[in-house]
Amino acid sequence: MAPGEPVVVRVGSRELPVTNLEKVYWPEDGITKGELIGYYTRIAPVLLPYLKDRPLVLTRYPEGIHGPWFYAKNAPEGRPGWLRTYTYVHPAAGPTEYLLADEPAALTYIANLGAIEIHPWTGRIQAPERPDFAIVDLDPAEGATWEDTREVALLVRQVLDAVGTQGFPKWSGATGIHIYCPCAPDHTYQDTAAFCLAIGRLLARVHPRRVTLERQVRKRRGKVYVDYLQNRLGQTITAVYGVRPRPGAPVSVPVTWEEIARGTVPFVTLRTIWDRLAQVGDLFAPVLELRQDLRRATRQLEGV
DNA sequence: GAACCGA
DNA sequence: TCGGTTCAACGCTTC
DNA sequence: GAAGCG
Ligand SMILES: [Mn+2]
Ligand SMILES: [Mn+2]
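Under our numbering, think of the first position of the first sequence as 1, with each following residue one higher.
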């Protein structure tokens, strides 16, 4: 194929052009844009349920992981007519027309844009201001290790257990862990943020050397930051089964609490995910089913 | 990566 | 026909 | 009020 020459592919009932399939996006690993497109197209049956009806924010790396990148919120002009979008009017910033993904070809299209990361909203278009889950976002600060992060995740789990709430952890694909706590449909971002803040406050009080809520980066040294502010409209956490623009082409995957406890969280990549899925299946399935009362749990946490 | 705009 | 430009943006916190 | 933060 001549470089830059578009190739028309058929995905399901759609036909769309893809470009620069041989372009190397991960030079350390020899992973090409074509492999990225193949990944997102093939993972669609597993990934799409987690994206359905959720406005998407993309991070695009048209020259690979070491090149310049940018966020993309608005759907590109000139896209295929069958792609669905959703316009949300932000109070301050005005309207944004977001991409939606409801079929495999939509993911093929998105990957062809050079989008490595996909960040879905936690709310759906039917009720954009009602998140379906709280996400406890654990960000290890400089000087904090993976062991520290694991340890704090297990502390979060203890707290969740104490208030009868289930959380489902995933490896971020980089250094952190995201713990998804599904909630009932009447919850607001206020509710989910308050829930994560209550967990963070409790842990920072009991384990001040390990856990911090400090917003200033340089004051977090050696600790794990509980980033409760991710639980707001428009904030972005990389999708489950989404690829990261880092060496190895890691994928953010669900993990078990046991793997976190034993220190056996696997480094899963766009190439190794298929074995992982064959072994453990989709560990995140309950995230879309469970409806928990996080307001009650928050009151319980604040009462401690 | 691709559309848009002005030269 | 080309090259340059654009591609997000908000509420909360601390100073 | 401005800057830092994700
Ligand atoms: Mn994080
Ligand atoms: Mn974060």
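Heads up, a few of these hints could be off.
Here are the simulated lysine to aspartate or glutamate pairs, EDC-like style, with alpha carbons at most 16 Å apart [said to hold, decoys possible]:
hint : residue 1 : residue 2
1    : Lys52     : Glu5
2    : Lys52     : Glu103
3    : Lys219    : Glu103
4    : Lys73     : Glu103
Using C-beta positions, here's what the derived DEER-type ranges look like [claimed, not checked]:
hint : residue 1 : residue 2 : range
5    : Phe70     : Pro49     : 33 to 41 Å
6    : Thr272    : Leu154    : 23 to 31 Å
7    : Val89     : Arg215    : 23 to 31 Å
8    : Glu63     : Gln158    : 27 to 35 Å
9    : Glu258    : Gly94     : 42 to 50 Å
10   : Glu214    : Thr256    : 24 to 32 Å
11   : Lys219    : Pro247    : 50 to 58 Å
12   : Arg205    : Pro68     : 18 to 26 Å
13   : Val304    : Glu15     : 18 to 26 Å
14   : Phe70     : Pro247    : 18 to 26 Å
15   : Val89     : Arg205    : 38 to 46 Å
Don't read these hints as lab results, they were simulated from the structure. Please read all numbers here as calculations on a predicted model, not as lab measurements. Where is the CB? At the ideal position from N, CA and C, for every residue including glycine.
Evaluation of the provided hints:
1. Lys52 / Glu5: 31 Å, violated
2. Lys52 / Glu103: 9 Å, holds
3. Lys219 / Glu103: Between Lys219 and Glu103 the Cα gap is close to 44 Å, so the pair fails against 16 Å, i.e. violated.
4. Lys73 / Glu103: Violated, at roughly 19 Å.
5. Phe70 / Pro49: 33 to 41 Å: 28 Å, violated
6. Thr272 / Leu154: 23 to 31 Å: Cβ of Thr272 to Cβ of Leu154: about 25 Å, so the range 23 to 31 Å holds.
7. Val89 / Arg215: 23 to 31 Å: 29 Å, holds
8. Glu63 / Gln158: 27 to 35 Å: The hinted range 27 to 35 Å is violated for Glu63 and Gln158, with Cβ atoms some 44 Å apart.
9. Glu258 / Gly94: 42 to 50 Å: 47 Å Cβ-Cβ, so the 42 to 50 Å window holds.
10. Glu214 / Thr256: 24 to 32 Å: At 30 Å between Cβs, range holds.
11. Lys219 / Pro247: 50 to 58 Å: With a Cβ separation near 29 Å, Lys219 and Pro247 fall outside 50 to 58 Å, so the hint is violated.
12. Arg205 / Pro68: 18 to 26 Å: Given a distance of about 42 Å, which is not inside 18 to 26 Å, the answer is violated.
13. Val304 / Glu15: 18 to 26 Å: Roughly 58 Å apart at Cβ, these two residues miss the hinted range, so it is violated.
14. Phe70 / Pro247: 18 to 26 Å: Between Phe70 and Pro247, where Cβ atoms are some 21 Å apart, the hint holds.
15. Val89 / Arg205: 38 to 46 Å: 40 Å, holds
Hint compliance for this structure: hints 1, 3, 4, 5, 8, 11, 12, 13 are broken, all remaining hints hold.
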